[in-house]
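For the sequence shown, the numbering used here begins at 518 and goes up steadily by one.
Keep in mind the hints are simulated off the structure, nothing from the lab.
Don't take each hint at face value.
[As the list claims (entries may be wrong)] Using 20 Å as the maximum straight-line C-alpha spacing, the simulated SDA-like pairs for lysine to any residue come out as follows:
#1 K567 / T519
#2 K567 / G604
#3 K821 / L772
#4 K539 / G780
#5 K539 / L571
#6 K539 / Q766
#7 K539 / M518
#8 K821 / G780
#9 K567 / E556
#10 K821 / T678
#11 K821 / G765
#12 K821 / R832
#13 K539 / Q829
#14 K539 / A581
#15 K567 / V538
#16 K821 / E655
#17 K539 / T678
#18 K567 / M518
#19 K539 / G704
#20 K821 / V654
#21 K567 / Y589
#22 K567 / L600
#23 K567 / Q609
#24 K567 / A584
#25 K539 / V705
#26 K567 / P702
#27 K821 / H773
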Amino acid sequence: MTILVTGGAGFIGSHTVVQLVKAGHAVVVFDNLCNGTAEALRRIERLTGKSVPLVEGDVRDRTALDALFRSYQVTAVIHFAGLKAVGESVRQPLAYYDNNVNGTLVLCQAMQAAGVRKLVFSSSATVYGSDAPVPYVETLPRGRTSNPYGTSKAMVEQLLTDLQVAEPGWSVVLLRYFNPIGAHPSGVIGEDPRGLPNNLMPFISQVAVGRLPELAIFGDDYPTDDGTCVRDYLHVLDLADGHVQALGQLVAPGLHIYNLGTGLGVSVLDMVRSFERVTGRSIPYRVAPRRDGDLAAFWADATKAQRELGWQASRGLDEMIADTWRWQSQNPQGYQD
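Using the sequences and the hints given, assemble the complete structure.
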């Protein structure tokens with residue numbers, strides 16, 4: 518199979534490309550490099566011994582997509598491309614709806630014209646909304662989302678659901694995942710956010726390596742055991758393996774939804790203490806005001822993915838932290854080193 522990976526030069530996309538190549542798939546990456554880097558693909562070639570072509574372009578650019586589908590015999594698409602910071606989405610909602618919703622619409626139109634009707638979509642646990650009971654299970658309806666990022670993911674899910682109903686020949690998998698962290702165990706590729714990190718783990722690791730003076734913990738008055746937010750963290754390679762497994766569900770037409778998570782909740786303070794224990798590094802922090810759009814606590818019920826995909830998270834928190842630190846300590850400035 519030849520798999521088109523949109524956003525394949527980013528954090529999750531690059532790790533998924535590695536696992537796809539290991540599984541024997543041919544891969545082509547389409548990325549505008551706003552959150553990714555071509556250096557990641559050069560390093561993937563070192564890791565795998567395989568060259569992965571990069572086509573630079575934006576998923577909102579129909580002309581560029583049409584040209585790609587003419588040039589490559591694409592079998593299926595894994596769609597990561599999009600903006601992903603909760604707080605930024607509150608400040609810039611139009612950018613999120615344009616990139617995430619309109620980008621997916623244009624991609625699907627190009628796929629439709631090319632006769633490619635197999636799609637794995639990078640969705641999010643945020644689609645369950647602010648009132649959903651935990652653990653989140655796939656039978657829950659999409660809820661009242663708490664930020665434009667989550668709303669954009671829910672809108673794309675509805676778009677793809679309606680498309681599959683209208684054109685039953687489509688095979689669509691919606692992967693709702695939780696909080697990916699970690700890095701490739703080689704330390705060769707990892708998470709390298711632009712500017713101040715929006716996610717907890719790269720924030721911690723950049724403090725540990727000396728790039729940032731201290732960690733900001735956004736709120737310590739949530740209704741959790743220690744007052745800080747609780748999330749379900751999973752290793753990025755476990756998440757990548759979930760995408761590889763999901764390709765098997767594209768054999769027959771239909772719509773499938775899966776959570777990808779560990780089922781375990783870890784608080785911000787628990788993560789800081791665990792990082793200090795595993796790495797031996799001290800993490801100074803301060804408590805900052807809550808961020809708009811953050812929920813107190815959520816984690817996954819991932820039994821459906823285990824039952825139907827044969828997938829479950831296999832890497833524990835200590836391994837996630839050790840792999841993150843290996844990447845960050847070997848690449849203090851990320852891909853700029």
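The hints, checked one at a time:
no.	hint	result
1	K567 / T519	14 Å, holds
2	K567 / G604	37 Å, violated
3	K821 / L772	14 Å, holds
4	K539 / G780	27 Å, violated
5	K539 / L571	18 Å, holds
6	K539 / Q766	19 Å, holds
7	K539 / M518	13 Å, holds
8	K821 / G780	12 Å, holds
9	K567 / E556	14 Å, holds
10	K821 / T678	19 Å, holds
11	K821 / G765	15 Å, holds
12	K821 / R832	19 Å, holds
13	K539 / Q829	18 Å, holds
14	K539 / A581	28 Å, violated
15	K567 / V538	8 Å, holds
16	K821 / E655	8 Å, holds
17	K539 / T678	31 Å, violated
18	K567 / M518	15 Å, holds
19	K539 / G704	17 Å, holds
20	K821 / V654	9 Å, holds
21	K567 / Y589	17 Å, holds
22	K567 / L600	28 Å, violated
23	K567 / Q609	38 Å, violated
24	K567 / A584	23 Å, violated
25	K539 / V705	16 Å, holds
26	K567 / P702	18 Å, holds
27	K821 / H773	10 Å, holds
Hint violations for this structure: numbers 2, 4, 14, 17, 22, 23 and 24, all remaining hints satisfied.
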